[in-house]
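Trainee: So you can see what is in the structure, the chains are spelled out below.
There are 2 protein chains.
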Amino acid sequence: MLADYVESERDRIVGVLFDWLRIPSISADPSRSASVRQSAEFAADLLRGAGMDHAEIVETGGAPAVYADWLHAGPSAPTALVYGHHDVQPVDPLDEWAQPPFEPVLVDGECRARGAVDDKGQLLFQIEAARGLLQRHGSLPVNLKFLIEGEEEIGSPHFEKLLVTERERLACDVVVVSDTTMWGPQVPSTCVGLRGLVAFDVTIRTAAADLHSGSFGGSVPNSAHVVADLVSSLHDSDGRVSLPGFYDDVRPLTAAEERSLSLLPFDEEDWKRKAGVRRLEGEAGRSTLERVWTRPTCEVVGITAGYGGEGMKTVVPGNANVKVTFRLVPDQDPERVTEAFDGWLATRVPDGVTVEVQQVGAVAPALTDADHPAVGALCRAIERVWGQAPLLTREGGSGPEEALGRVLDVPVLYLGVGLPDDRYHAPNERMVMDQFWKGLLAAGELWGEVARAHG
Amino acid sequence: MLADYVESERDRIVGVLFDWLRIPSISADPSRSASVRQSAEFAADLLRGAGMDHAEIVETGGAPAVYADWLHAGPSAPTALVYGHHDVQPVDPLDEWAQPPFEPVLVDGECRARGAVDDKGQLLFQIEAARGLLQRHGSLPVNLKFLIEGEEEIGSPHFEKLLVTERERLACDVVVVSDTTMWGPQVPSTCVGLRGLVAFDVTIRTAAADLHSGSFGGSVPNSAHVVADLVSSLHDSDGRVSLPGFYDDVRPLTAAEERSLSLLPFDEEDWKRKAGVRRLEGEAGRSTLERVWTRPTCEVVGITAGYGGEGMKTVVPGNANVKVTFRLVPDQDPERVTEAFDGWLATRVPDGVTVEVQQVGAVAPALTDADHPAVGALCRAIERVWGQAPLLTREGGSGPEEALGRVLDVPVLYLGVGLPDDRYHAPNERMVMDQFWKGLLAAGELWGEVARAHG
Numbered sequence: 239m240l241a242d243y244v245e246s247e248r249d250r251i252v253g254v255l256f257d258w259l260r261i262p263s264i265s266a267d268p269s270r271s272a273s274v275r276q277s278a279e280f281a282a283d284l285l286r287g288a289g290m291d292h293a294e295i296v297e298t299g300g301a302p303a304v305y306a307d308w309l310h311a312g313p314s315a316p317t318a319l320v321y322g323h324h325d326v327q328p329v330d331p332l333d334e335w336a337q338p339p340f341e342p343v344l345v346d347g348e349c350r351a352r353g354a355v356d357d358k359g360q361l362l363f364q365i366e367a368a369r370g371l372l373q374r375h376g377s378l379p380v381n382l383k384f385l386i387e388g389e390e391e392i393g394s395p396h397f398e399k400l401l402v403t404e405r406e407r408l409a410c411d412v413v414v415v416s417d418t419t420m421w422g423p424q425v426p427s428t429c430v431g432l433r434g435l436v437a438f439d440v441t442i443r444t445a446a447a448d449l450h451s452g453s454f455g456g457s458v459p460n461s462a463h464v465v466a467d468l469v470s471s472l473h474d475s476d477g478r479v480s481l482p483g484f485y486d487d488v489r490p491l492t493a494a495e496e497r498s499l500s501l502l503p504f505d506e507e508d509w510k511r512k513a514g515v516r517r518l519e520g521e522a523g524r525s526t527l528e529r530v531w532t533r534p535t536c537e538v539v540g541i542t543a544g545y546g547g548e549g550m551k552t553v554v555p556g557n558a559n560v561k562v563t564f565r566l567v568p569d570q571d572p573e574r575v576t577e578a579f580d581g582w583l584a585t586r587v588p589d590g591v592t593v594e595v596q597q598v599g600a601v602a603p604a605l606t607d608a609d610h611p612a613v614g615a616l617c618r619a620i621e622r623v624w625g626q627a628p629l630l631t632r633e634g635g636s637g638p639e640e641a642l643g644r645v646l647d648v649p650v651l652y653l654g655v656g657l658p659d660d661r662y663h664a665p666n667e668r669m670v671m672d673q674f675w676k677g678l679l680a681a682g683e684l685w686g687e688v689a690r691a692h693g
Numbered sequence: 239m240l241a242d243y244v245e246s247e248r249d250r251i252v253g254v255l256f257d258w259l260r261i262p263s264i265s266a267d268p269s270r271s272a273s274v275r276q277s278a279e280f281a282a283d284l285l286r287g288a289g290m291d292h293a294e295i296v297e298t299g300g301a302p303a304v305y306a307d308w309l310h311a312g313p314s315a316p317t318a319l320v321y322g323h324h325d326v327q328p329v330d331p332l333d334e335w336a337q338p339p340f341e342p343v344l345v346d347g348e349c350r351a352r353g354a355v356d357d358k359g360q361l362l363f364q365i366e367a368a369r370g371l372l373q374r375h376g377s378l379p380v381n382l383k384f385l386i387e388g389e390e391e392i393g394s395p396h397f398e399k400l401l402v403t404e405r406e407r408l409a410c411d412v413v414v415v416s417d418t419t420m421w422g423p424q425v426p427s428t429c430v431g432l433r434g435l436v437a438f439d440v441t442i443r444t445a446a447a448d449l450h451s452g453s454f455g456g457s458v459p460n461s462a463h464v465v466a467d468l469v470s471s472l473h474d475s476d477g478r479v480s481l482p483g484f485y486d487d488v489r490p491l492t493a494a495e496e497r498s499l500s501l502l503p504f505d506e507e508d509w510k511r512k513a514g515v516r517r518l519e520g521e522a523g524r525s526t527l528e529r530v531w532t533r534p535t536c537e538v539v540g541i542t543a544g545y546g547g548e549g550m551k552t553v554v555p556g557n558a559n560v561k562v563t564f565r566l567v568p569d570q571d572p573e574r575v576t577e578a579f580d581g582w583l584a585t586r587v588p589d590g591v592t593v594e595v596q597q598v599g600a601v602a603p604a605l606t607d608a609d610h611p612a613v614g615a616l617c618r619a620i621e622r623v624w625g626q627a628p629l630l631t632r633e634g635g636s637g638p639e640e641a642l643g644r645v646l647d648v649p650v651l652y653l654g655v656g657l658p659d660d661r662y663h664a665p666n667e668r669m670v671m672d673q674f675w676k677g678l679l680a681a682g683e684l685w686g687e688v689a690r691a692h693g
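Sequence lines, in order, name chains V and X. For the first sequence, the numbering used here gives the first residue as 239, with consecutive numbering after it. For the second sequence, the numbering used here gives the first residue as 239, with consecutive numbering after it.
The shape of chain V in the complex, shown without the other chains (with noise of 0.2 Å):
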């Protein structure tokens, strides 16, 4: 049991996360690829102080990522892979921090920081699980493999390359991914599913430079204008993506996994709560859950056109740029739906307008069979820790989880502690700490669950 652990190491564990926490591990941002750098350097550290026999930086062309591994379990224990990622979101609009976004502090019980909950605070708990067995065992029951990211949040662009090439170190009989939320504090759940996602940025130029609008104004064509329509038209008036056959590869759900959704204590006034909105709105005829888990959507995540700074300037823009996402279900596919939106542009822009669109980043979605004996063991260490079985549940956010479970061939469990409203991506994401200690108990219950599973 690691409660006696938790109990003695705690101070030490929270001063941890806040030392990892502090250094800005943006990978979207080229400027801080030296602390995207430090944070694996981190976590290769920590790897190797909670008796990993080996932890190195892995060079993949982009950001590095990370490998540790114990393997004395003996040849008849699985052998599991912790799947995490080091790397963070950008902070903008710094402004609606409550504090500096990588001065972590403890506030009412939560842990405000970027990457509280995404990933790194995730992925402390699977390390310090390890050392606290290891620690007090001297042993753990299966034999452990942790592979760390640098470039989750850019849409893992050298992830499948790295899994291929490192096949035969990472092979394993299950992956945990510690990166995604339960249902409630008080209503533990696992997912088996995530969206796919498919990205593109589009640049829109309409003339050679910002137009006066005195001197041109309604006889030129607005890049401002353009790009509204574009967008206005992605979807019809029921709310469903409006690319030709964007639809047509969904798999429908089986009575099962309706009945999955169907257990859940939707509530839908709290779901508006926690995303801070006075409306709910999307695909006509489906619930909110269909509409993010089990619904391919459409969502502009930006649009920039002309001036944006104070007060007015009398400008015709001459380009605007806007970044269209789209998450996808099984049994969707990224280069099909990327065939479809190029289509689709083609035919919306005017003559003379010229358009550029760029594909940056393509996930698959990701669907565990819920019948695998594996989900049954993580099933058994969560409850033991929240007291009641876990709900199924599926994320409506992409990851490089597909690829994982495709290319190593084995199941994707997910042991997530996060909650819905940490603000993941957000200004002041946080971690809860109960769930924090919570994740680090059941990360030790998991490993003696999936051995004697697999026994």
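It is possible that part of the hints are untrue.
Pairs count within a copy or across copies, as identical chains cannot be separated in the list.
What the hints assert, rightly or not - With a Cα cut of at most 20 Å, we get these calculated EDC-like pairs of lysine to aspartate or glutamate:
#1 Lys510 <-> Glu528
#2 Lys551 <-> Asp659
#3 Lys551 <-> Glu406
#4 Lys551 <-> Asp660
#5 Lys676 <-> Asp660
#6 Lys399 <-> Asp580
#7 Lys551 <-> Asp330
#8 Lys512 <-> Asp346
#9 Lys551 <-> Asp439
#10 Lys512 <-> Asp487
#11 Lys676 <-> Glu621
#12 Lys551 <-> Asp333
#13 Lys510 <-> Asp659
No lab work stands behind these hints: they were computed from the structure.
Position chain X against the provided structure of chain V, taking the given hints into account.
Mentor: Coordinates of chain X only, in the frame set by chain V:
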């Protein structure tokens, strides 16, 4: 006749122009406020040297203006007020200038510097015409007043208050503005109208903060989508502005105005080349000149929503900003358009989405009656110098001329000699000196014509 004055004073006048242009009187740049004041003092000295009775700095609450007068033409002679501005535009992008913007040079018959045509050069020919007439004849055929503003390039924020406060001292029979362009060096023209402008800063809020598009995407409103729907619906499929009643107050062109427009040698390919665009578009059934001069328009000058930095961020933007401008024509009223815009917005924004609108600037359209005798006087003065009668044009931009005409209750004449390629507001601004000297002669002719028309 001023021709011999020009011949004998040419070098001195160019020297004066260069000295004035060396003063970097950028009103938009607070760090240049001392230069703006220096420029005002330079103008006051010029006016005294030209023989005005009186020239003084006028404090406005912002950058200083200059007032001067010569009032000895007698009580039966008309009074003319020359308006111009001594402040200049910012100079960025600096690296696109062939030489430093405040080190004037004379190349190929052009004076190149910031402010050469907008507006120091055009004011100087007015001041030198008065100086020449007073030097050669000892008097002027009209009572002459000068009002030289120091904040035109930042939207004349204190100008109307100045006009109202100084209304008695500024009383006149006609205002003459020298700040506009002619159709071409061989095609003299005079402007009879400017469009008005009303601008809005609109902020949309759909959520308290940006949301993770994986967690919430597809179930909540997206500010980027809302703002795109708004912008997209500002125009109908005929390129007309969608606000109810927007065109109700637009005064149709007279037959004379239509004929005047049709006389201009408009070249669509040349227009596209100047704009740097590959297509023209706008209100259906209207020519390009109608679209930019005589029709009201709506141009979005900026959209900012969500993430606009490098790479990608997977958020649902919680807020968005759009800056919307309307150019207005007679008899549209900025306040009525503001009411229409507010009403339109209220019907377009979904329940549960917050919208804040701020009016940031309102200028009414200006139109001079082409049949007024003073316009005839101006046309004769131009014809005498250029050898042909001027065509009547308008400008699509907006300025303080409307307030001049309205507050002082007099017709506004435009003796402007700029050319369309003079790079107003852009790098390598120039004044074609042949136009400058002709402007000087035409100003001299103008006062005699105005006196005769008045008599």
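Trainee: Each hint needs a verdict: does it hold in this structure or not?
Mentor: Comparing the hints with the structure gives:
1. In the homo-oligomer, the alpha carbons of lysine 510 and glutamate 528 lie at most 20 Å apart inside one protomer (16 Å), although the nearest pairing across protomers, at 49 Å, exceeds that limit.
2. For a Cα distance limit of 20 Å, the shortest separation of lysine 551 from aspartate 659 across copies, 18 Å, qualifies, whereas the shortest one inside one copy, 38 Å, does not.
3. Within a single copy, lysine 551 and glutamate 406 get their C-alpha atoms no closer than 59 Å, and across copies no closer than 33 Å, so neither meets the 20 Å cut-off.
4. For a Cα distance limit of 20 Å, the shortest separation of lysine 551 from aspartate 660 across copies, 17 Å, qualifies, whereas the shortest one inside one copy, 38 Å, does not.
5. For the identical chains of this complex, lysine 676 and aspartate 660 are intra-copy neighbours only, at 16 Å inside a copy versus 71 Å across copies, given an alpha-carbon limit of 20 Å.
6. For the homomeric pair lysine 399 and aspartate 580, neither the shortest alpha-carbon distance inside one copy (26 Å) nor that between copies (54 Å) is at most 20 Å.
7. For the identical chains of this complex, lysine 551 and aspartate 330 are inter-copy neighbours only, at 10 Å across copies versus 24 Å inside a copy, given an alpha-carbon limit of 20 Å.
8. Taking the shortest alpha-carbon separations for lysine 512 and aspartate 346, only the intra-copy value of 18 Å comes in at or below 20 Å, while the best inter-copy value is 62 Å.
9. Proximity of lysine 551 and aspartate 439 under a CA criterion of 20 Å is satisfied inter-copy only: 11 Å between copies versus 25 Å inside one chain copy.
10. Taking identical chains as interchangeable, the C-alpha atoms of lysine 512 and aspartate 487 are never at most 20 Å apart, the minima being 31 Å within one chain and 48 Å between chains.
11. With identical chains, the CA atoms of lysine 676 and glutamate 621 are at most 20 Å apart within one copy only, with a shortest distance of 11 Å there and 90 Å across copies.
12. Proximity of lysine 551 and aspartate 333 under a CA criterion of 20 Å is satisfied inter-copy only: 18 Å between copies versus 24 Å inside one chain copy.
13. Taking the shortest Cα distances, lysine 510 and aspartate 659 sit within 20 Å of each other inside one copy (11 Å), while across copies they are farther apart (52 Å).
Checked against the numbered hints given earlier, the structure breaks hints 3, 6, 10 and satisfies all the rest.
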